[in-house]
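Asker: This is what each chain is made of:
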Amino acid sequence: MLEIKNLHVSIEEKKIIKGLNLSINKGEVHALMGPNGSGKSTLSYVLSGKDKYEIDDGTIEYNEKNLLELDVDERANEGLFLAFQYPMEIPGVQTSFFLKTAINSKRKYLGHSEMDALEFAKLMKSKAEELNINTEMLKRDLNVNYSGGEKKKQEILQMSMLSPKMAILDETDSGLDIDALRIVSEGVNKLRSKENSFLVITHYQRLLNYIKPDFVHIIADGRIVKSGDYSLALELEEKGYEEISKSA
Amino acid sequence: MAATEQTIKQVNTLGDTDYKYGFSTELDEIRPPKGLNEDIIKFISAQKDEPEWMLDWRLNAFKIFNKLPKPEWAKLNIPEIDYQDCYYYSIPKSLKDKPKSLDEIDPEIIKTYEKLGIPLKEQKMLSGIAVDAVFDSVSVATTYKKQLSDLGIVFCSISEAVKTHPDLVKKYLGSVIPVSDHSFAALNSAVFTDGSFIYIPEGVRCPVELSTYFRINAMNTGQFERTLIIADKDSYVSYLEGCTAPMRDENQLHAANVELVALDNAEIKYSTVQNWYPGDKEGKGGIYNFVTKRGACRGKNSKISWTQVETGSAITWKYPSCILQGDNSKGEFYSVAITNNMQQADTGTKMIHIGKNTSSKIISKGISAGKANNTYRGLVNILSKAKNARNFTQCDSLLIGNKCGAHTVPYIESSNSDSMVEHEATTSKINEDQLFYCQQRGLNSEDAVGLIVNGFCKEVLQHLPMEFAVEAQKLVAISLEGSVG
Ligand SMILES: Nc1ncnc2c1ncn2[C@@H]1O[C@H](COP(=O)(O)OP(=O)(O)O)[C@@H](O)[C@H]1O
Ligand SMILES: [Mg+2]
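Top line first, the protein sequences correspond to chains W and Y. Be aware that the first sequence starts at 1, since it is given in my numbering, and climbs by one per residue. Be aware that the second sequence starts at 1, since it is given in my numbering, and climbs by one per residue.
Honestly, the hints are just simulated from the structure, not real lab data. Some hints here could point you the wrong way.
Partial selection, computed: residues in chain W whose CB lies under 8 Å from chain Y [what the hints assert, rightly or not]:
#: 1; residue: Ser-48
#: 2; residue: Lys-50
#: 3; residue: Asp-73
#: 4; residue: Ala-76
#: 5; residue: Leu-82
#: 6; residue: Phe-84
#: 7; residue: Pro-91
#: 8; residue: Gly-92
#: 9; residue: Val-93
#: 10; residue: Thr-101
#: 11; residue: Ala-102
#: 12; residue: Ser-105
#: 13; residue: Tyr-109
When the alpha-carbon atoms are kept at most 20 Å apart in a straight line, the in silico SDA-like pairs for lysine to any residue are as follows [said to hold, decoys possible]:
#: 14; chain 1: Y; residue 1: Lys-458; chain 2: W; residue 2: Val-144
#: 15; chain 1: Y; residue 1: Lys-429; chain 2: W; residue 2: Asn-132
#: 16; chain 1: W; residue 1: Lys-50; chain 2: Y; residue 2: Glu-432
#: 17; chain 1: W; residue 1: Lys-125; chain 2: W; residue 2: Met-137
Just so it is clear, CB atoms sit at the ideal spot from N, CA and C, and this is done for glycine as well.
Between the sequences and the hints, there should be enough to build the whole structure, so can you do that?
Answerer: Here it is, written out as structure tokens:
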């Protein structure tokens with residue numbers, strides 16, 4: 001599904017990712033953990049194609065395509081989804097309208113006809129209910145005056161409506177209370193299948209109690225310093241980044 | 001196919017070319033020689049079988065025009081206009097002998113309007129909208145006439161009103177925009193060719209949106225539209241005009257005068273979607289849109305509300321204004337002005353507070369892309385008798401790219417200490433992170449810009465009649481095509 005080899009990335013001459021390798025197969029859930037500033041968000045932006053990042057070396061293959069050659073929207077429509085650490089506010093654009101536009105952009109890309117209004121309304125309602133989101137909220141402007149937790153839920157709603165093949169969750173757990181964390185995790189778990197893969201970026205082992213990863217990677221200073229299974233997250237919780245990185 | 005469906009289909013094809021209205025129709029035309037002089041004015045008047053008082057009025061306006069200097073208010077780069085190198089009248093021959101019904105209209109003209117998404121055939125009409133269509137210089141058809149006249153509503157071309165309702169025309173024409181106001185006002189008064197006339201009698205709420213569609217077809221023809229709307233006591237009317245013109249290398253002049261009069265407790269809502277040909281990317285061709293629009297809230301508790309979406313024209317120069325004469329009267333101005341490539345717009349409003357407790361509200365959204373320049377220029381003038389007058393102004397500018405400009409020029413004059421004037425202004429660049437966010441959700445860069453800009457304009461667009469809001473949204477997106485790399 002996703003194959004990152006020897007990735008080197010810099011921004012404004014500053015090297016941020018320094019030789020990162022990561023391979024994610026269909027159906028796998030990988031957790032990426034690391035201290036602040038280690039390059040987690042940078043990786044998520046590079047994967048989704050944000051500009052201003054310089055790819056100095058390395059390759060990224062996504063579904064047998066050279067990911068780096070695709071535009072941002074092509075990547076999205078090919079099933080790559082990023083749940084943002086800081087979702088953007090878009091004043092004047094109703095959340096439900098945004099969702100519809102996103103869904104229809106993808107359908108258009110795939111050569112399908114637009115989703116009709118009724119079908120869309122049904123889909124939105126059922127997905128919102130699963131996430132315990134009040135549909136009244138979807139009439140408001142996208143993310144404008146949403147609380148931190150509401151914004152994160154909104155990201156997961158978008159994800160479940162777009163049902164991506166490869167979803168990257170960038171610190172979706174931060175800012176969520178324990179109930180919201182459980183609901184959001186359930187939303188993610190519902191999407192888990194043999195076909196879909198996840199890269200779950202988080203600081204805390206807490207989230208991984210709910211979303212059980214197949215693999216855990218620890219990133220420090222732009223490199224994956226240790227990989228393992230779920231037990232690595234527990235070990236990390238116990239020892240802290242510092243020690244784990246040293247022992248690597 | 002249902003009319004709305006057809007319009008939606010039309011709208012959906014909007015993206016196909018840079019300017020989809022850029023076709024012109026081959027028609028035999030009646031056209032006097034180029035040039036501006038008394039003979040041309042007499043010719044126009046004679047073509048329209050006008051009564052003598054109308055001709056005298058025109059000739060007097062021409063005298064005034066010759067004496068007036070050109071307006072120099074706007075921050076625009078306006079090339080010298082050669083008034084002698086322009087045709088002042090053009091009508092398709094087939095319309096010379098007024099068609100009595102739609103069946104008699106040249107099918108070519110009907111086709112033109114269908115291409116514009118304005119089906120004239122009664123059965124294809126947008127439900128609930130009466131359309132008066134102006135093709136170059138003449139009014140083609142006024143639909144729904146019968147239903148409206150049963151209510152005593154007059155909705156016809158101004159040429160017709162001159163003959164059928166001379167008292168109203170004499171009383172109100174030029175009463176809001178004096179002929180001597182400025183040179184374009186005088187020019188229009190001398191050579192105006194057609195436009196709409198609306199009279200809503202006392203106590204009547206007009207049940208449909210009234211609408212006019214203007215189209216400049218003939219080459220080198222100036223269009224001098226004249227519109228007069230009178231809302232008598234306790235009446236209400238909502239009116240919408242839409243405009244397009246074919247692509248031509250030469251510049252064409254559109255100098256319209258629009259006068260509104262609202263009497264006691266009356267309300268007029270006037271909406272414009274202006275999409276004249278803007279010229280090409282290098283700034284060649286395009287319409288010069290010099291428009292004078294002014295509404296008089298003459299009666300107490302009267303209200304005039306202007307909503308405009310200005311996306312076209314090479315140069316736009318217009319300041320729809322309200323003269324708030326009646327006590328407690330209200331004026332509103334909601335504007336979206338988009339300039340792309342080499343377009344220039346200098347637009348805004350004037351709110352003149354005369355009566356007590358008068359209030360005005362101004363919401364302006366300016367969007368500039370390419371190398372375009374966009375200026376909001378507004379005047380809020382509170383006269384000494386306007387006790388307790390209120391104004392709220394909000395001007396937001398959005399820049400796309402770094403070669404364009406946005407300017408906000410508010411003039412505030414207050415001679416009354418009880419009055420309150422609030423002004424807010426912002427200028428920002430389109431947010432790259434917002435664009436990225438939208439694209440990450442699958443929108444291509446143009447759709448992302450369209451979405452964000454539409455959000456930026458929402459406060460204004462929501463004041464458009466429902467049926468046109470969707471078209472306006474598409475237009476906003478289309479007019480910004482090519483603005484992001
Ligand atoms: N736009 C930028 N310009 C300069 N430095 C940046 C920029 N974005 C991120 N960085 C730097 O890159 C490093 C990695 O940041 P980030 O990927 O956000 O870390 P994480 O998500 O792991 O906390 C940090 O040192 C940060 O300061
Ligand atoms: Mg981060």
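Asker: If a hint holds in the structure, say so; if it doesn't, say that too.
Answerer: Hints and how they fare:
no., hint, result
1, Ser-48, "holds, 5 Å"
2, Lys-50, "holds, 5 Å"
3, Asp-73, "holds, 5 Å"
4, Ala-76, "holds, 4 Å"
5, Leu-82, "holds, 5 Å"
6, Phe-84, "holds, 7 Å"
7, Pro-91, "holds, 5 Å"
8, Gly-92, "holds, 3 Å"
9, Val-93, "holds, 4 Å"
10, Thr-101, "holds, 6 Å"
11, Ala-102, "holds, 4 Å"
12, Ser-105, "holds, 4 Å"
13, Tyr-109, "holds, 7 Å"
14, Y/Lys-458 / W/Val-144, "holds, 14 Å"
15, Y/Lys-429 / W/Asn-132, "violated, 36 Å"
16, W/Lys-50 / Y/Glu-432, "holds, 10 Å"
17, W/Lys-125 / W/Met-137, "holds, 11 Å"
Of the numbered hints given earlier, the model fails hint 15 alone.
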